[in-house]
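J.: Listed here are the chains, written in short residue letters.
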Amino acid sequence: MKLGYLDLTLFLVILTLGAVILGKYIAAVFSGRLKFLAIIEGPIYRILGRAASDEMSWKEYTVALMIFNIFGIIILFTIQLIQGVLPLNPAHMAGLSWDLALNTAISFVSNTNWQAYSGESTMSYYTQMIGLTPQNFFSAATGLSVLVALIRGFKNVENDKLGNFWRDLTKSVLYILLPVSVIFAIIFVNQGIPQNFSAYQNVNLVEVQKIAKSPDIKTQVLPMGPIASQESIKMVGTNGGGYFNANSAHPYENPTPITNLLEILAMLIIPAALCFSFGRMIGDRRQGYALYIAMTIIFIVMTLLIMNAELKGNPLFNTLHVDQAQSLFQSGGNMEGKEARFGVLGSGLFASATTAASCGAVNAAHDSLMPLGGFVPLFLMQLSEVVYGGVGAGLYSIIVFAILSVFIAGLMIGRTPEYLGKKIESFEMKMVAIIILVVPFIILCSTALSVIIKPGLDGVSNPGAHGLSEVLYAFTSAANNNGSAFAGLNANTVYYNLLLGLNMLVGRFGVIIPLLAIAGSLANKKSIPVTEGTMSTSGGLFICILIGVIIIIGALTYIPALALGPVVEHLLLYTQ
Amino acid sequence: MKQIRPAILAFMLLTIIVGIIYPLIITGVGKTFFPYQANGSLVYKNNRLIGSELVGQQFTENKYLWSRPSATTPNAYNPMASGGSNLGPLNPQLVQLVKDRVTVFTSSNEASPANVPVDLVTASGSGLDPDISVAGAYYQIKRIATARNIRVGIVKDIIDKYTKYPIFGIWGTARVNVLMVNLALDSLGESK
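Chain order of the listed sequences is A and B.
Per the numbering used here, the very first residue in the first sequence carries number 1; after that it's consecutive.
Per the numbering used here, the very first residue in the second sequence carries number 1; after that it's consecutive.
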């Protein structure tokens, strides 16, 4: 029996090799040594003028970042409202409702890419290409910029300047996100993802569909569009907002096992590489290895759990003459909501990667995962997506956990905690506490509210414990800026569009702003030399403490809710 | 407030690069080097567009290989509303659907083994799955051969021809493209 060990091991080897190489490159980009795109970069800085050359304090950096992101929300909101009169709209899509447009604008700007709409029947080519695609780049570039500013905070010695946001943004887009996206996009077209501006195609069906009491269906309409270019940045930028409703389960978004493997690789490669860039930029590569190892250990455990939960299949089918056994001729297992070309292992690895990475693309219906299978993506998101995580966001979040870990370890041995040569004091810990608490607070409050009032309950589609999981999953996904869903939940209502939009905003900027404050505070401090008494933050002991802190914080916060959702469902399934 | 002007300028300049130039370059490269794929892997017969190799269609006649169940609305295999059933594993509706599908398969494939391969009775994630498992295809061979009055071996050869295997034997599962098999089955009759 094939349990997925080989799939996972080989994948991790490829990922690690790629991440080491890309990590070196990214570190070189932000050191300013690479200049081969100066021909594009130079004119941009000249047009921006002095704004692109002044070094910024943490407050100036935050203001620039917030203005850019708010402007992005306004533009994207407007494009969606007026897409009916804009060009590149062969399928004649009308403008969206205001609440859906607002939800989607926040969603794409905050790198959540939660979708309360079906792309194929809602968005024009203009909206997809000129509205949504740039935000896929910008939200990832925002994450990268915050991370680089934080790293400068650790490196600076009594110097409060964190760099220039406009330069970090431009470099992230031009040198990192764009080249990687181009490579993936070209392979994606080769594998069958469409890239055109044709009108939707009318197919004459081989067998006419006969439906009782309604006219025969003789045609099938195939949506077209510039899909590959968006698919690529959707994965590379850990965005996850699909061109179509079915996202990466759609054969036009993910046509072969090769694209499936590449999409998983694409969503993890930059977050993984950043661990290595971090080590290089901080001047101690072992610090980066430690974070990478901690992430990978959690990833392996969670991936094997979901693969094997799905491989077992649904026990309720055992008496129904269904063959769920894995063989050379079929994937077997729980195939509801999964595609034949990926099978349960390819879908399990994808589901685990997409929630580890804050991506949120899906290649299977998460709502139809087995209870323990669905537990995995839910819990990975609840760990604040620090297992590789979003582009930039994953690493800056795990650094928050690393600060918390040195603080706890410092308390235990009675020393002033320090991390990377900087003393961790009360201001930093206050900000860390805000970051750690704000996300679970809004998720649990929103979930609790939604399961007691009518507008919340109206959206639920599955009965029993699974219904609670649907709601919990939605808010967990929104506040952690993931974007995947238990899609049975009908979330395109004013209530859900607004509340989920609020969750996305708080989850994104409620973390970024305190984090930049930490960066500003650290930048002003002296650097303490390493002595024999310094606690190592790159050894095995620290890796264990870090994993422990991540799991315990995640578990303590969410286990009561999880016990009422997936855990109850699992127990019910095996006692029926 | 001095950051408003650079925000607008940076937004516009970068949007031109990643929202216009980038998709156009990919379109140019795609249409030049991989025109078939870039246009949606469309399949024509006598100059009529009859499908895409990548998007499934529904088949219910005995002479055809059947696709997987599809949960798209309002009708099956509707690419304008891709998606899965989103039924949870405990949902009684799911269990009933699977029970009904097993009955349909066992009654129309009497000569085949008692247990139906799971992918034939569960809806795919996209509702547009172009493939079924090899086990699911073999399960239907006898019914197709009988309906077309041809040898079982001929049907099996066609299925094997349109079977794809996992990359390096690791990633993906062995699967059969339903539309391509059915087109091959139909053209069998024409060449006789």
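Don't read these hints as lab results, they were simulated from the structure.
One thing to keep in mind: the hints can contain errors.
Said to hold, decoys possible - Derived SDA-like pairs: lysine to any residue, alpha-carbon spacing no greater than 25 Å straight-line:
id, chain 1, residue 1, chain 2, residue 2
1, A, K161, B, A147
2, A, K161, A, S521
3, A, K210, B, N75
4, B, K164, A, L10
5, A, K210, B, I50
6, A, K218, B, A147
7, B, K31, A, I186
8, B, K63, A, L10
9, B, K142, A, L328
10, A, K35, B, K31
11, A, K59, B, R5
12, B, K2, A, N159
13, A, K213, B, K142
14, A, K218, B, R101
15, A, K218, B, M180
16, B, K45, A, V221
17, B, K63, A, L502
18, A, K35, B, K142
19, B, K142, A, I186
20, B, K45, A, N190
21, A, K218, B, L13
22, A, K210, B, E53
J.: Output the numbers, in ascending order, of every earlier hint that fails for this structure.
T.: 1, 8, 10, 13, 17, 18, 19 and 21
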